[in-house]
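K.L.:
Using the sequences and the hints, build the whole thing.
Top line first, the protein sequences correspond to chains A and B.
Everything in the first sequence is counted per my numbering, starting at 1155 for the first residue and increasing by one.
Everything in the second sequence is counted per my numbering, starting at 33 for the first residue and increasing by one.
Treat the hints loosely; a few may be bogus.
Said to hold, decoys possible - Example chain A residues on the side facing chain B (calculated, C-beta under 10 Å, incomplete):
hint, residue
1, Ser1255
2, His1270
3, Thr1274
4, Asp1279
5, His1288
6, Tyr1304
7, Arg1306
8, Phe1348
9, Pro1351
10, Asp1362
11, Pro1363
12, Gln1411
Said to hold, decoys possible - Simulated pairs of lysine-lysine, DSSO-like, Cα-Cα distance not exceeding 27 Å:
hint, chain 1, residue 1, chain 2, residue 2
13, A, Lys1464, B, Lys121
14, A, Lys1464, A, Lys1392
15, B, Lys121, A, Lys1311
16, A, Lys1311, B, Lys38
17, A, Lys1419, A, Lys1546
Stated by the list, open to error - Pair ranges (Cβ atoms, derived):
hint, chain 1, residue 1, chain 2, residue 2, range
18, B, Thr140, A, Ala1353, 36 to 46 Å
19, B, Leu59, A, Ser1219, 36 to 46 Å
20, B, Arg54, A, Gly1192, 49 to 59 Å
21, B, Asp92, A, Pro1393, 56 to 66 Å
22, B, Gln94, A, Leu1472, 32 to 42 Å
23, B, Asp92, A, Gly1256, 53 to 63 Å
24, B, Ala132, A, Thr1404, 31 to 41 Å
25, A, Gly1474, B, Arg54, 43 to 53 Å
26, A, Asn1524, B, Arg136, 48 to 58 Å
27, B, Ile40, A, Glu1519, 54 to 64 Å
28, B, Ile40, A, Ala1226, 49 to 59 Å
29, A, Pro1344, B, Arg136, 22 to 32 Å
30, A, Lys1392, B, Arg136, 54 to 64 Å
Everything labelled a hint here was simulated from the structure, so no lab data went into it.
C-beta atoms are modelled at their ideal positions from N, C-alpha and C, and glycine is treated no differently.
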Amino acid sequence: MRPVAIIGAGMIPFGKLADQSLMQMLARAALAALDDAGRSESGADALFVANVGGGILQHRTAIASSLADLLALLPAAAELVENGPASGASAAKAGLLAVASGYYDSVLVVGGEKMHGSPTAQITDFIASMTHPHAEYPYGVTMTGMGGMYARLYMEKYNLSPTHLQAVSVKNHAMGALNPYAHFQLPIDPERIFDGPFAEINNPVLADPLRLYDLCPISDGAAALVLSTVEIAESLKKPYVLVSGFGQATDTHTLVQRDDPLDLKAVRLAARAAFDMARLSPADVDVAELHDAFTILEIAISEEVGFFEKGAGGDAVLDGKTCLGGQIPINISGGLKARGHPLGATGVAQLVEIVWQLRHELPPERQVENAQIGLTVNFGGFANNVLCFILKRVAP
Amino acid sequence: MSEEIKLIAYRCRNCGRVHYPRCERCLTCKKREFDEIRPQGKATLLTFTAVYSLPVGFEDQQMLCLGVVEFENQVRALGQISAAPSALKEGMALTASWGAIRRREGQTLYGLILAP
Ligand SMILES: [Zn+2]
Chain A
1155 MRPVAIIGAG MIPFGKLADQ SLMQMLARAA LAALDDAGRS ESGADALFVA NVGGGILQHR
1215 TAIASSLADL LALLPAAAEL VENGPASGAS AAKAGLLAVA SGYYDSVLVV GGEKMHGSPT
1275 AQITDFIASM THPHAEYPYG VTMTGMGGMY ARLYMEKYNL SPTHLQAVSV KNHAMGALNP
1335 YAHFQLPIDP ERIFDGPFAE INNPVLADPL RLYDLCPISD GAAALVLSTV EIAESLKKPY
1395 VLVSGFGQAT DTHTLVQRDD PLDLKAVRLA ARAAFDMARL SPADVDVAEL HDAFTILEIA
1455 ISEEVGFFEK GAGGDAVLDG KTCLGGQIPI NISGGLKARG HPLGATGVAQ LVEIVWQLRH
1515 ELPPERQVEN AQIGLTVNFG GFANNVLCFI LKRVAP
Chain B
33 MSEEIKLIAY RCRNCGRVHY PRCERCLTCK KREFDEIRPQ GKATLLTFTA VYSLPVGFED
93 QQMLCLGVVE FENQVRALGQ ISAAPSALKE GMALTASWGA IRRREGQTLY GLILAP
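P.N.:
So this is what it looks like as structure tokens:
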């Protein structure tokens, strides 16, 4: 395997993008990444597209071929990668292996999702279609319902309180407010959302014990990366990012089938594989983007990755260890909670954020000082398919 | 409430691991022979939630209470709970029955129903 660089990153602001079609969103993010890589005209040898709902919600299939045409990348190779909410990281992995193998020198990875435009019950049902068809789906359990059952177990076992969960939400909304690409750009006023007389109305229970402000929103969005050989990256004569570690692991489809439902084993195994490949340890990481589809997950993943002992992740948030300037800044983009979670876009957007952090291009209020190593965790289902990347800054 | 619980779990003939839902190979020993078993004994509530944002098929409901139970013969399954979440506590025993759980495209789906 030869080393692989990320030389371009781009995304469109996430949100409720009523005036943009799925293909327009993907194309705009792709062009931003190509421009960033200095490949506005040369394009890429291959295209990997991450998307989950195109066939169901937009009645569009085989969209990678369509996007290659739309972007005038022809005759570049093109594929669609569908891996549930982990599709974005899976498309990036496909790009990584394509360049590492020596077959392609440059690859464009684009992830996107258009989730608005359908009735909410239909979107909820579409997301629930990744649950087990007999043991889960017919009962009406949603991903949020799984999150609620997981949160109850976790809170009971580790004595975690709603205050811990609120701290994640407050941090991620505060960071989202500084990120022009985030869906939500308003910091949380704890008095109004958590404590005041209207807290029950502003922050209702949606999947007991999880409340509205524990859950990521439904968002539209797209993000893109350009991967290349190190030779191409070096020729650009500016800082770039190297993929220094990658790992992936699967776990049982259903939570009930796991020996310990609290154990996010696939997260641990994916992270361990990535650290082994990078020859690094959790203490070496300067900034991380973790899959906080629910506030509880940011805490649980931060432990499985190895940033904190099991059960210590909640207090770490309260103590400010995961905020900007803390021991390990987590979800400085706002995370899924505030940036949003357009399924196919998420894994790519996490990597875009880390690329920006490692190139030291962000405004000081949201730049992790002198960041050299970054990590992402993107997962599908309820942690049944997990991908972890470790990226490293290279300055010529 | 008296209808037989039609849920089928699969016990590995080699190592005894109980699977629900079914897997084609045992998750522990990778063998392929299973005995079909039904849930037996009391159902202990492991965790639960009340969901207030429901997918299609629950239009006449505001809230859906769901939980995971473990039966005495190690069968673990998700079910709908006919109770308010305030009446529930992890570790409590629930009674299990088989009944209508959802309407989907003109059909009634049946499944595990739990109650205190
Ligand atoms: Zn076995």
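K.L.:
Just tell me: holds or violated, for the beta carbon distance of Arg54 (chain B) and Gly1192 (chain A) against 49 to 59 Å?
P.N.:
At 53 Å between Cβs, range holds.
K.L.:
Let me know if the C-beta of Asp1362 (chain A) comes in closer than 10 Å to any C-beta of chain B, holds or violated.
P.N.:
With a closest approach of 4 Å, the Asp1362 (chain A) hint holds.
K.L.:
I want to verify a distance hint. Is the separation of the beta carbons of Gln94 (chain B) and Leu1472 (chain A) within 32 to 42 Å?
P.N.:
holds (34 Å)
K.L.:
Using Cβ atoms only, decide whether Gln1411 (chain A) comes closer than 10 Å to chain B, and label the hint accordingly.
P.N.:
Since the shortest Cβ distance to chain B is 7 Å, the answer is holds.
K.L.:
Given Phe1348 (chain A) as an interface hint, is the shortest Cβ-Cβ distance to chain B below 10 Å?
P.N.:
violated (18 Å)
K.L.:
Using the nearest Cβ pair, does Thr1274 (chain A) come within less than 10 Å of chain B?
P.N.:
holds (7 Å)
K.L.:
For the hint on Pro1351 (chain A), just tell me whether its beta-carbon gets within less than 10 Å of chain B.
P.N.:
Pro1351 (chain A) check fails; min Cβ-Cβ to chain B is 21 Å, beyond 10 Å.
K.L.:
In this structure, is the beta-carbon distance linking Lys1392 (chain A) and Arg136 (chain B) contained in 54 to 64 Å?
P.N.:
Roughly 55 Å apart at Cβ, these two residues keep to the hinted range, so it holds.
K.L.:
Taking the beta carbons of Pro1344 (chain A) and Arg136 (chain B), is their distance inside 22 to 32 Å?
P.N.:
violated (41 Å)
K.L.:
Assess, step by step, whether the Cα of Lys1464 (chain A) is no farther than 27 Å from the Cα of Lys121 (chain B), and give holds or violated.
P.N.:
holds (24 Å)
K.L.:
Would you check whether Arg1306 (chain A) satisfies its interface hint, that is, whether its CB is within less than 10 Å of any CB in chain B?
P.N.:
holds (5 Å)
K.L.:
Hint check: is the beta carbon of Pro1363 (chain A) less than 10 Å from a beta carbon of chain B?
P.N.:
holds (8 Å)
Hint compliance for this structure: hints 1, 2, 8, 9, 14, 16 and 29 are not met, and every other hint is.
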